Amino acid sequence: MFHNHFASVPSRLLFNWSSEDRPASSLLGVDKPVTHVNSANKIQNGVIVNIFSENKKSLQSIERNFRISTKNGKYYFNQILLVETSKTIKKVVSKNPDCIEYHIELNDETNVMGKFENVYLGKTEKFSKSEKKVIRSITKELGIASFPSFMKPKDMRPNGLNGRIDINFPKKFDLFLNEDHLASFVKINFPSNFTIHTKNKSYTCKKIGVITSQVIRALIDDDTDLNEFHFDFDDDFDDFAIIAKYFNYENIIINNKIREIIHKFSEDLQIQYLLDQVCLFIDNYNKRMNKLEKNILFAEPVEELFHWLKNIKQNGVEKTKNSLMGSIWVYSESNVQELVACILQIIKIDMLIHPEIADLCVKLNQSKHYSNNLDIFIPFLVKKTMASFLSNSALASFAYILVKYDLLKMDDVIARILIKTSTNQVLEQNHQSLSSNLSLNKFLYSELWFVPEILAQLPHFFDKIQDSHDFFYIVKDKNNNFQKYK
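Positions 1235 to 1720 (my numbering) are the ones given, in order, by the sequence shown.
Simulated from the structure, these hints should not be mistaken for lab results. As the structure is a computational prediction, the values presented were derived from the model and not from experiment. Quick reminder that beta carbons are idealized off the backbone N, C-alpha and C, glycines included. Just to be clear, a hint being listed does not mean it is correct.
As the list claims (entries may be wrong) - Below, computed lysine to any residue pairings styled on SDA-like, alpha-carbon distance capped at 25 Å:
no.	residue 1	residue 2
1	Lys1521	Phe1467
2	Lys1440	Asn1312
3	Lys1308	Ser1253
4	Lys1406	Asp1342
5	Lys1582	Lys1521
6	Lys1367	Thr1322
7	Lys1324	Val1449
8	Lys1421	Lys1435
9	Lys1617	Phe1540
10	Lys1479	Asn1524
11	Lys1498	Phe1540
12	Lys1325	Ser1418
As the list claims (entries may be wrong) - Label pairs and their computed distance ranges (CB to CB):
no.	residue 1	residue 2	range
13	Lys1597	Asp1510	49 to 59 Å
14	Asn1518	Glu1552	13 to 23 Å
15	Asn1485	Asn1518	47 to 57 Å
16	Asn1545	Tyr1639	16 to 26 Å
17	Asn1402	Asn1485	33 to 43 Å
18	Tyr1565	Lys1433	23 to 33 Å
19	Leu1460	Asn1402	44 to 54 Å
20	Leu1514	Pro1613	42 to 52 Å
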(Lines of atoms letter the chains of each structure in order from A and count residues from 1; the text may use other names and numbers.)
(Lines give C-alpha, C1' and ligand atoms only; values in the text may rest on other atoms or scores of the structure.)
Protein backbone atom coordinates (compact mmCIF):
# COMPACT_ATOMS: atom_id res chain seq x y z
CA MET A 1 0.00 0.00 0.00
CA PHE A 2 1.38 3.41 -0.99
CA HIS A 3 2.11 5.75 1.91
CA ASN A 4 0.77 9.15 1.03
CA HIS A 5 2.71 11.38 3.40
CA PHE A 6 6.35 12.20 2.80
CA ALA A 7 8.58 14.33 4.96
CA SER A 8 10.32 17.36 3.58
CA VAL A 9 13.60 15.75 2.58
CA PRO A 10 14.50 17.62 -0.66
CA SER A 11 14.29 15.03 -3.42
CA ARG A 12 16.43 17.28 -5.64
CA LEU A 13 19.36 16.27 -3.44
CA LEU A 14 18.92 12.52 -3.78
CA PHE A 15 21.11 12.23 -6.88
CA ASN A 16 24.66 13.28 -7.50
CA TRP A 17 27.04 12.99 -10.42
CA SER A 18 30.72 13.26 -11.20
CA SER A 19 32.95 13.22 -14.26
CA GLU A 20 36.63 13.58 -15.06
CA ASP A 21 36.24 17.36 -15.17
CA ARG A 22 33.94 17.66 -12.19
CA PRO A 23 34.10 15.92 -8.80
CA ALA A 24 30.95 15.26 -6.81
CA SER A 25 29.20 18.59 -6.25
CA SER A 26 29.08 19.98 -2.75
CA LEU A 27 25.73 21.61 -3.58
CA LEU A 28 24.06 18.38 -4.51
CA GLY A 29 25.93 16.34 -1.93
CA VAL A 30 29.10 14.29 -2.00
CA ASP A 31 30.00 10.77 -2.91
CA LYS A 32 31.13 10.16 0.67
CA PRO A 33 28.93 10.51 3.75
CA VAL A 34 29.23 13.73 5.71
CA THR A 35 29.91 13.93 9.42
CA HIS A 36 26.52 12.97 10.80
CA VAL A 37 26.36 9.80 8.74
CA ASN A 38 29.91 8.79 9.38
CA SER A 39 30.06 5.12 10.17
CA ALA A 40 31.44 5.47 13.68
CA ASN A 41 31.96 8.78 15.45
CA LYS A 42 34.00 8.77 18.65
CA ILE A 43 32.47 10.28 21.77
CA GLN A 44 33.63 10.20 25.35
CA ASN A 45 33.55 6.60 26.65
CA GLY A 46 31.92 5.23 23.52
CA VAL A 47 31.39 5.23 19.75
CA ILE A 48 28.29 6.36 17.86
CA VAL A 49 27.32 3.87 15.15
CA ASN A 50 24.50 3.95 12.63
CA ILE A 51 23.28 2.00 9.66
CA PHE A 52 23.73 4.81 7.13
CA SER A 53 26.92 3.49 5.58
CA GLU A 54 25.08 0.24 4.81
CA ASN A 55 22.19 2.11 3.21
CA LYS A 56 23.11 1.59 -0.43
CA LYS A 57 23.75 -2.11 0.18
CA SER A 58 20.32 -2.40 1.78
CA LEU A 59 18.68 -0.96 -1.32
CA GLN A 60 19.94 -3.90 -3.35
CA SER A 61 17.74 -6.23 -1.30
CA ILE A 62 14.80 -3.88 -0.86
CA GLU A 63 11.35 -4.74 -2.12
CA ARG A 64 11.00 -3.71 -5.76
CA ASN A 65 7.26 -3.47 -6.13
CA PHE A 66 6.82 -1.12 -9.08
CA ARG A 67 7.57 -1.98 -12.70
CA ILE A 68 8.47 0.41 -15.51
CA SER A 69 8.51 -0.98 -19.02
CA THR A 70 9.80 0.29 -22.35
CA LYS A 71 9.76 -1.24 -25.82
CA ASN A 72 12.95 -3.02 -24.88
CA GLY A 73 12.34 -4.43 -21.39
CA LYS A 74 10.89 -4.33 -17.89
CA TYR A 75 12.56 -2.74 -14.89
CA TYR A 76 11.74 -2.94 -11.19
CA PHE A 77 11.92 -0.17 -8.58
CA ASN A 78 10.97 0.42 -4.99
CA GLN A 79 7.68 2.31 -5.08
CA ILE A 80 8.40 4.64 -2.17
CA LEU A 81 11.73 5.81 -3.58
CA LEU A 82 10.34 6.11 -7.09
CA VAL A 83 7.27 8.12 -6.01
CA GLU A 84 9.44 10.59 -4.11
CA THR A 85 11.66 11.27 -7.12
CA SER A 86 9.26 10.93 -10.08
CA LYS A 87 6.42 13.45 -10.41
CA THR A 88 4.79 11.23 -13.01
CA ILE A 89 4.73 8.09 -10.87
CA LYS A 90 3.65 10.06 -7.82
CA LYS A 91 0.68 11.40 -9.73
CA VAL A 92 -0.24 7.96 -11.08
CA VAL A 93 -0.03 6.26 -7.68
CA SER A 94 -1.92 9.09 -5.97
CA LYS A 95 -4.83 8.51 -8.35
CA ASN A 96 -4.61 4.72 -8.09
CA PRO A 97 -2.74 3.41 -5.00
CA ASP A 98 -2.96 -0.14 -6.37
CA CYS A 99 -1.06 0.75 -9.52
CA ILE A 100 2.22 -1.15 -9.78
CA GLU A 101 3.24 -0.58 -13.40
CA TYR A 102 3.93 2.24 -15.83
CA HIS A 103 4.86 1.99 -19.53
CA ILE A 104 7.03 4.38 -21.52
CA GLU A 105 6.75 4.22 -25.29
CA LEU A 106 10.48 4.41 -25.88
CA ASN A 107 13.19 2.68 -27.89
CA ASP A 108 16.03 2.10 -25.42
CA GLU A 109 18.55 -0.01 -27.30
CA THR A 110 21.46 0.95 -25.01
CA ASN A 111 19.49 -0.04 -21.86
CA VAL A 112 19.55 3.40 -20.23
CA MET A 113 16.50 2.44 -18.15
CA GLY A 114 18.43 -0.56 -16.83
CA LYS A 115 21.15 1.81 -15.65
CA PHE A 116 18.53 3.97 -13.93
CA GLU A 117 17.24 0.83 -12.24
CA ASN A 118 20.72 0.15 -10.85
CA VAL A 119 21.14 3.74 -9.62
CA TYR A 120 17.89 3.32 -7.65
CA LEU A 121 19.46 0.20 -6.14
CA GLY A 122 22.31 2.25 -4.74
CA LYS A 123 24.81 1.43 -7.46
CA THR A 124 26.96 3.87 -9.43
CA GLU A 125 26.32 3.79 -13.18
CA LYS A 126 28.33 5.23 -16.05
CA PHE A 127 26.64 7.22 -18.80
CA SER A 128 27.93 8.81 -22.01
CA LYS A 129 26.94 11.72 -24.24
CA SER A 130 25.79 9.28 -26.93
CA GLU A 131 22.89 8.39 -24.62
CA LYS A 132 21.78 12.01 -24.15
CA LYS A 133 18.55 11.74 -26.18
CA VAL A 134 17.28 8.66 -24.33
CA ILE A 135 18.38 10.04 -20.95
CA ARG A 136 16.46 13.27 -21.46
CA SER A 137 13.41 11.44 -22.84
CA ILE A 138 13.20 9.21 -19.75
CA THR A 139 13.85 12.14 -17.42
CA LYS A 140 11.01 14.13 -19.03
CA GLU A 141 8.60 11.18 -19.19
CA LEU A 142 9.07 10.32 -15.52
CA GLY A 143 9.44 13.94 -14.38
CA ILE A 144 12.60 13.34 -12.35
CA ALA A 145 13.43 16.84 -11.16
CA SER A 146 16.20 15.58 -8.88
CA PHE A 147 18.48 14.66 -11.80
CA PRO A 148 21.26 17.14 -12.70
CA SER A 149 20.16 19.96 -15.04
CA PHE A 150 22.07 18.69 -18.08
CA MET A 151 20.03 15.44 -17.95
CA LYS A 152 16.78 17.40 -18.30
CA PRO A 153 15.25 18.78 -21.51
CA LYS A 154 14.99 22.57 -21.72
CA ASP A 155 11.34 22.73 -20.67
CA MET A 156 12.16 21.03 -17.33
CA ARG A 157 14.83 23.51 -16.33
CA PRO A 158 14.10 26.60 -14.25
CA ASN A 159 13.24 29.86 -16.00
CA GLY A 160 16.26 31.94 -16.85
CA LEU A 161 19.55 31.16 -18.55
CA ASN A 162 19.50 27.43 -17.92
CA GLY A 163 16.04 27.22 -19.36
CA ARG A 164 16.89 29.06 -22.59
CA ILE A 165 20.14 27.43 -23.67
CA ASP A 166 21.37 23.86 -23.93
CA ILE A 167 23.69 23.01 -21.04
CA ASN A 168 26.93 21.24 -21.91
CA PHE A 169 26.40 17.51 -21.63
CA PRO A 170 29.48 15.67 -20.30
CA LYS A 171 31.12 13.15 -22.59
CA LYS A 172 31.04 10.67 -19.72
CA PHE A 173 29.71 10.87 -16.17
CA ASP A 174 28.79 8.72 -13.18
CA LEU A 175 25.36 8.95 -11.55
CA PHE A 176 24.67 7.76 -8.01
CA LEU A 177 22.41 8.31 -5.03
CA ASN A 178 23.56 10.85 -2.49
CA GLU A 179 24.26 8.75 0.59
CA ASP A 180 23.65 11.57 3.06
CA HIS A 181 20.20 12.61 1.86
CA LEU A 182 19.20 9.05 1.01
CA ALA A 183 19.74 8.04 4.63
CA SER A 184 17.55 10.88 5.87
CA PHE A 185 14.89 10.04 3.31
CA VAL A 186 14.83 6.34 4.19
CA LYS A 187 14.72 7.04 7.93
CA ILE A 188 11.67 9.28 7.56
CA ASN A 189 9.72 7.68 4.71
CA PHE A 190 10.25 3.94 4.84
CA PRO A 191 7.74 2.24 7.14
CA SER A 192 8.52 0.12 10.19
CA ASN A 193 6.80 -2.94 8.80
CA PHE A 194 8.85 -5.82 10.14
CA THR A 195 8.50 -7.30 13.63
CA ILE A 196 11.24 -9.10 15.53
CA HIS A 197 10.03 -11.22 18.44
CA THR A 198 12.28 -12.23 21.31
CA LYS A 199 10.96 -14.59 24.00
CA ASN A 200 9.54 -11.72 26.04
CA LYS A 201 9.35 -8.67 23.76
CA SER A 202 8.43 -7.59 20.24
CA TYR A 203 10.14 -4.83 18.24
CA THR A 204 8.85 -3.07 15.13
CA CYS A 205 11.66 -2.31 12.68
CA LYS A 206 12.21 -1.05 9.17
CA LYS A 207 12.47 -3.88 6.70
CA ILE A 208 15.18 -2.04 4.81
CA GLY A 209 17.15 -2.02 8.06
CA VAL A 210 16.67 -5.64 9.12
CA ILE A 211 18.05 -6.93 5.81
CA THR A 212 21.50 -5.80 6.98
CA SER A 213 21.26 -9.01 9.01
CA GLN A 214 22.43 -11.78 6.71
CA VAL A 215 20.33 -14.27 8.68
CA ILE A 216 17.06 -12.32 8.20
CA ARG A 217 17.99 -11.32 4.66
CA ALA A 218 18.32 -14.97 3.64
CA LEU A 219 14.80 -15.66 4.97
CA ILE A 220 13.37 -12.65 3.12
CA ASP A 221 15.07 -13.74 -0.09
CA ASP A 222 13.18 -17.04 0.22
CA ASP A 223 9.89 -15.34 1.14
CA THR A 224 9.55 -11.72 0.05
CA ASP A 225 6.29 -11.37 2.00
CA LEU A 226 7.97 -12.29 5.28
CA ASN A 227 7.29 -9.60 7.89
CA GLU A 228 8.42 -11.14 11.18
CA PHE A 229 11.30 -13.02 12.73
CA HIS A 230 11.56 -14.95 15.99
CA PHE A 231 14.86 -14.57 17.80
CA ASP A 232 15.69 -17.10 20.50
CA PHE A 233 16.68 -14.69 23.27
CA ASP A 234 15.09 -14.18 26.70
CA ASP A 235 15.37 -10.38 26.62
CA ASP A 236 14.30 -9.87 30.23
CA PHE A 237 15.88 -6.42 30.32
CA ASP A 238 14.99 -5.09 26.84
CA ASP A 239 18.53 -5.71 25.65
CA PHE A 240 17.44 -6.17 22.03
CA ALA A 241 16.10 -2.60 21.93
CA ILE A 242 19.57 -1.36 20.95
CA ILE A 243 19.51 -3.49 17.79
CA ALA A 244 15.95 -2.39 17.00
CA LYS A 245 17.18 1.22 17.12
CA TYR A 246 19.97 0.33 14.71
CA PHE A 247 17.49 -1.30 12.30
CA ASN A 248 15.34 1.84 12.50
CA TYR A 249 18.16 4.13 11.37
CA GLU A 250 18.79 5.61 14.80
CA ASN A 251 22.23 6.22 16.28
CA ILE A 252 23.36 3.72 18.86
CA ILE A 253 26.30 4.08 21.21
CA ILE A 254 28.75 1.24 21.69
CA ASN A 255 30.32 1.53 25.11
CA ASN A 256 31.98 -0.80 27.55
CA LYS A 257 28.71 -1.52 29.38
CA ILE A 258 26.87 -2.97 26.39
CA ARG A 259 29.69 -3.98 24.06
CA GLU A 260 29.32 -7.70 24.80
CA ILE A 261 25.57 -7.81 24.18
CA ILE A 262 25.96 -5.89 20.90
CA HIS A 263 28.71 -8.29 19.91
CA LYS A 264 26.45 -11.26 20.65
CA PHE A 265 23.49 -9.89 18.66
CA SER A 266 25.56 -8.79 15.67
CA GLU A 267 27.34 -12.14 15.61
CA ASP A 268 24.17 -14.24 16.01
CA LEU A 269 22.26 -12.27 13.37
CA GLN A 270 25.35 -11.76 11.17
CA ILE A 271 25.10 -7.97 11.05
CA GLN A 272 28.54 -7.64 9.56
CA TYR A 273 29.08 -3.89 9.69
CA LEU A 274 27.92 -3.64 13.30
CA LEU A 275 30.05 -6.65 14.21
CA ASP A 276 33.09 -4.99 12.65
CA GLN A 277 32.47 -1.80 14.61
CA VAL A 278 31.98 -3.50 17.98
CA CYS A 279 35.09 -5.64 17.42
CA LEU A 280 37.05 -2.49 16.60
CA PHE A 281 35.72 -0.83 19.76
CA ILE A 282 36.66 -3.85 21.89
CA ASP A 283 40.12 -4.00 20.34
CA ASN A 284 40.74 -0.27 20.95
CA TYR A 285 39.35 -0.54 24.47
CA ASN A 286 41.66 -3.45 25.29
CA LYS A 287 44.63 -1.53 23.92
CA ARG A 288 43.78 1.44 26.13
CA MET A 289 43.36 -0.80 29.15
CA ASN A 290 46.69 -2.53 28.49
CA LYS A 291 48.40 0.84 28.20
CA LEU A 292 46.75 1.99 31.42
CA GLU A 293 47.82 -1.18 33.21
CA LYS A 294 51.39 -0.65 32.05
CA ASN A 295 51.27 2.92 33.31
CA ILE A 296 49.94 1.72 36.67
CA LEU A 297 52.60 -0.98 36.86
CA PHE A 298 55.23 1.64 36.06
CA ALA A 299 53.75 4.16 38.53
CA GLU A 300 54.13 1.79 41.47
CA PRO A 301 57.94 1.37 41.09
CA VAL A 302 58.29 5.15 40.59
CA GLU A 303 56.43 5.77 43.82
CA GLU A 304 58.67 3.26 45.56
CA LEU A 305 61.77 4.94 44.09
CA PHE A 306 60.74 8.35 45.42
CA HIS A 307 60.13 6.78 48.81
CA TRP A 308 63.67 5.38 48.90
CA LEU A 309 65.25 8.68 47.82
CA LYS A 310 63.35 11.01 50.14
CA ASN A 311 64.05 8.73 53.14
CA ILE A 312 67.76 8.32 52.39
CA LYS A 313 68.80 10.09 55.65
CA GLN A 314 66.73 7.75 57.82
CA ASN A 315 67.54 4.56 55.91
CA GLY A 316 71.15 5.33 55.07
CA VAL A 317 72.98 5.56 51.79
CA GLU A 318 74.09 1.91 51.74
CA LYS A 319 70.59 0.54 52.30
CA THR A 320 69.18 2.87 49.64
CA LYS A 321 71.86 1.78 47.20
CA ASN A 322 71.10 -1.89 47.87
CA SER A 323 67.39 -1.28 47.30
CA LEU A 324 68.16 0.31 43.96
CA MET A 325 70.53 -2.48 42.94
CA GLY A 326 67.74 -4.99 43.54
CA SER A 327 65.22 -3.02 41.50
CA ILE A 328 64.47 -2.35 37.83
CA TRP A 329 66.14 1.07 37.97
CA VAL A 330 69.68 -0.08 37.22
CA TYR A 331 68.66 -2.20 34.22
CA SER A 332 67.95 -0.79 30.72
CA GLU A 333 69.00 2.65 29.57
CA SER A 334 65.48 4.07 29.83
CA ASN A 335 65.19 3.00 33.48
CA VAL A 336 68.54 4.48 34.38
CA GLN A 337 67.54 7.73 32.69
CA GLU A 338 64.30 7.70 34.67
CA LEU A 339 66.32 7.15 37.86
CA VAL A 340 68.38 10.26 37.07
CA ALA A 341 65.20 12.26 36.44
CA CYS A 342 63.81 11.20 39.83
CA ILE A 343 67.06 12.09 41.59
CA LEU A 344 67.07 15.58 40.05
CA GLN A 345 63.44 16.00 41.05
CA ILE A 346 64.05 14.98 44.67
CA ILE A 347 67.03 17.30 45.10
CA LYS A 348 64.83 20.23 44.07
CA ILE A 349 62.45 19.34 46.88
CA ASP A 350 64.86 18.69 49.76
CA MET A 351 68.27 20.38 49.84
CA LEU A 352 69.10 18.75 53.19
CA ILE A 353 69.64 15.35 51.56
CA HIS A 354 72.02 16.58 48.84
CA PRO A 355 75.15 15.12 50.49
CA GLU A 356 73.52 11.71 50.91
CA ILE A 357 72.25 11.75 47.33
CA ALA A 358 75.74 12.63 46.12
CA ASP A 359 77.15 9.72 48.17
CA LEU A 360 74.52 7.48 46.60
CA CYS A 361 75.57 8.60 43.11
CA VAL A 362 79.18 7.72 43.90
CA LYS A 363 78.22 4.26 45.18
CA LEU A 364 75.98 3.60 42.15
CA ASN A 365 78.82 4.58 39.84
CA GLN A 366 81.10 2.18 41.71
CA SER A 367 78.50 -0.56 41.20
CA LYS A 368 78.44 -0.40 37.41
CA HIS A 369 78.88 -3.80 35.83
CA TYR A 370 78.35 -5.47 32.48
CA SER A 371 75.20 -7.04 33.92
CA ASN A 372 73.54 -3.64 34.51
CA ASN A 373 73.35 -0.30 32.71
CA LEU A 374 74.92 1.95 35.33
CA ASP A 375 77.72 2.84 32.92
CA ILE A 376 75.44 5.58 31.56
CA PHE A 377 74.35 6.79 35.01
CA ILE A 378 77.01 9.44 35.76
CA PRO A 379 77.31 10.70 32.14
CA PHE A 380 73.54 11.18 31.97
CA LEU A 381 73.40 12.74 35.45
CA VAL A 382 76.16 15.19 34.51
CA LYS A 383 74.49 16.03 31.20
CA LYS A 384 71.12 16.79 32.82
CA THR A 385 72.65 18.70 35.73
CA MET A 386 74.75 20.86 33.43
CA ALA A 387 71.70 21.62 31.30
CA SER A 388 69.58 22.91 34.19
CA PHE A 389 71.64 23.94 37.23
CA LEU A 390 71.63 27.64 36.28
CA SER A 391 67.83 27.77 36.36
CA ASN A 392 67.41 26.39 39.88
CA SER A 393 69.32 27.21 43.07
CA ALA A 394 68.83 23.71 44.48
CA LEU A 395 70.29 22.21 41.32
CA ALA A 396 73.20 24.64 41.54
CA SER A 397 73.81 23.50 45.11
CA PHE A 398 73.81 19.90 43.98
CA ALA A 399 76.12 20.72 41.06
CA TYR A 400 78.55 22.30 43.54
CA ILE A 401 78.51 19.10 45.64
CA LEU A 402 79.07 16.97 42.53
CA VAL A 403 82.15 19.06 41.82
CA LYS A 404 83.43 18.33 45.34
CA TYR A 405 82.84 14.62 44.72
CA ASP A 406 84.80 14.85 41.44
CA LEU A 407 81.69 13.82 39.50
CA LEU A 408 81.54 17.21 37.79
CA LYS A 409 84.44 19.43 36.65
CA MET A 410 84.56 23.03 37.88
CA ASP A 411 86.02 24.20 34.58
CA ASP A 412 82.97 22.82 32.78
CA VAL A 413 80.64 24.56 35.26
CA ILE A 414 82.31 27.94 34.82
CA ALA A 415 82.40 27.51 31.06
CA ARG A 416 78.68 26.79 31.16
CA ILE A 417 78.06 29.92 33.24
CA LEU A 418 80.02 32.07 30.79
CA ILE A 419 78.20 30.61 27.80
CA LYS A 420 74.87 31.19 29.50
CA THR A 421 75.54 34.75 30.54
CA SER A 422 77.76 36.08 27.78
CA THR A 423 78.99 38.00 30.82
CA ASN A 424 79.30 41.57 29.60
CA GLN A 425 76.21 41.44 27.36
CA VAL A 426 73.90 40.16 30.09
CA LEU A 427 75.12 42.57 32.79
CA GLU A 428 75.10 45.57 30.46
CA GLN A 429 71.70 44.88 28.87
CA ASN A 430 69.88 43.76 31.99
CA HIS A 431 71.51 45.80 34.77
CA GLN A 432 68.71 48.37 35.06
CA SER A 433 65.91 45.82 35.13
CA LEU A 434 67.81 43.17 37.06
CA SER A 435 65.58 43.29 40.14
CA SER A 436 62.41 42.78 38.06
CA ASN A 437 63.74 40.02 35.86
CA LEU A 438 62.69 36.86 37.71
CA SER A 439 64.36 34.36 35.42
CA LEU A 440 67.62 36.30 35.48
CA ASN A 441 67.47 36.59 39.28
CA LYS A 442 67.08 32.83 39.52
CA PHE A 443 70.03 32.45 37.24
CA LEU A 444 72.23 34.82 39.30
CA TYR A 445 71.22 33.20 42.58
CA SER A 446 72.41 29.90 41.11
CA GLU A 447 75.68 31.60 40.19
CA LEU A 448 76.29 32.51 43.81
CA TRP A 449 77.36 28.93 44.52
CA PHE A 450 80.37 29.44 42.27
CA VAL A 451 81.38 33.08 43.02
CA PRO A 452 84.84 32.29 44.49
CA GLU A 453 85.70 30.02 41.59
CA ILE A 454 84.40 32.53 39.03
CA LEU A 455 86.41 35.39 40.54
CA ALA A 456 89.49 33.21 40.73
CA GLN A 457 89.38 32.94 36.96
CA LEU A 458 87.65 36.26 36.15
CA PRO A 459 88.61 38.90 38.78
CA HIS A 460 86.68 41.67 36.96
CA PHE A 461 83.45 39.70 36.51
CA PHE A 462 81.40 42.04 38.75
CA ASP A 463 83.09 45.33 37.99
CA LYS A 464 80.11 46.63 36.06
CA ILE A 465 77.75 46.37 39.04
CA GLN A 466 77.33 49.87 40.54
CA ASP A 467 73.80 49.81 41.99
CA SER A 468 73.95 49.41 45.79
CA HIS A 469 70.41 47.95 45.71
CA ASP A 470 71.54 45.11 43.51
CA PHE A 471 71.73 41.86 45.49
CA PHE A 472 75.11 41.17 43.82
CA TYR A 473 76.54 44.47 45.07
CA ILE A 474 77.53 42.86 48.36
CA VAL A 475 79.61 40.29 46.49
CA LYS A 476 82.03 42.96 45.23
CA ASP A 477 82.57 44.48 48.71
CA LYS A 478 86.31 44.50 49.42
CA ASN A 479 85.74 43.18 52.90
CA ASN A 480 83.47 40.37 51.75
CA ASN A 481 84.60 36.83 52.52
CA PHE A 482 83.88 34.92 49.31
CA GLN A 483 84.48 31.62 51.03
CA LYS A 484 81.12 31.87 52.78
CA TYR A 485 79.46 31.24 49.42
CA LYS A 486 80.93 27.77 49.26
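* Do the beta carbons of Leu1460 and Asn1402 sit within 44 to 54 Å of each other? -> holds, 48 Å
* **Restraint check for Lys1325 with Ser1418, where alpha carbons must lie at most 25 Å apart** => holds, 23 Å
* Do the Cβ positions of Asn1545 and Tyr1639 conform to the proposed distance bound of 16 to 26 Å? -> Given about 21 Å between the Cβ atoms, the range holds.
* Asked: Honestly, do Lys1597 and Asp1510 meet the 49 to 59 Å range at C-beta?
  -> For Asp1510 against Lys1597, whose Cβ atoms are near 57 Å apart, the range 49 to 59 Å holds.
* To do: Could you grab the alpha-carbon distance between Lys1324 and Val1449 and see if it respects the 25 Å cut-off?
  => violated, 34 Å
* To do: Mind checking the alpha carbons of Lys1406 and Asp1342 for me, to see if they're no more than 25 Å apart?
  => Holds - the C-alpha atoms of Asp1342 and Lys1406 are around 18 Å apart, at most 25 Å.
* Can the suggested window of 23 to 33 Å be confirmed for the beta-carbon pair Tyr1565 and Lys1433? -> violated, 58 Å
* Asked: Between Lys1308 and Ser1253, is the straight-line Cα distance small enough, at 25 Å or below?
  -> Cα-Cα ~28 Å, so violated.
* Asked: For the pair supplied as a hint, Lys1582 and Lys1521, is the alpha-carbon distance within the 25 Å limit?
  -> Given pair Lys1582, Lys1521 is violated - Cα atoms ~36 Å apart, limit 25 Å.
* Asked: Are Lys1479 and Asn1524 close enough, with their CA atoms no more than 25 Å apart?
  -> Not satisfied, since the Cα-Cα distance of roughly 32 Å exceeds 25 Å.
* **Restraint check for Lys1421 with Lys1435, where alpha carbons must lie at most 25 Å apart** => holds, 23 Å
* **Pairwise hint evaluation, Phe1540 against Lys1498, where the allowed Cα distance is 25 Å at most** => Given that 25 Å is the threshold and the Cα spacing comes to 47 Å, the pair is violated.
The structure fails to meet hints 1, 3, 5, 7, 10, 11, 14, 15 and 18 from the earlier list, while all remaining hints are met.
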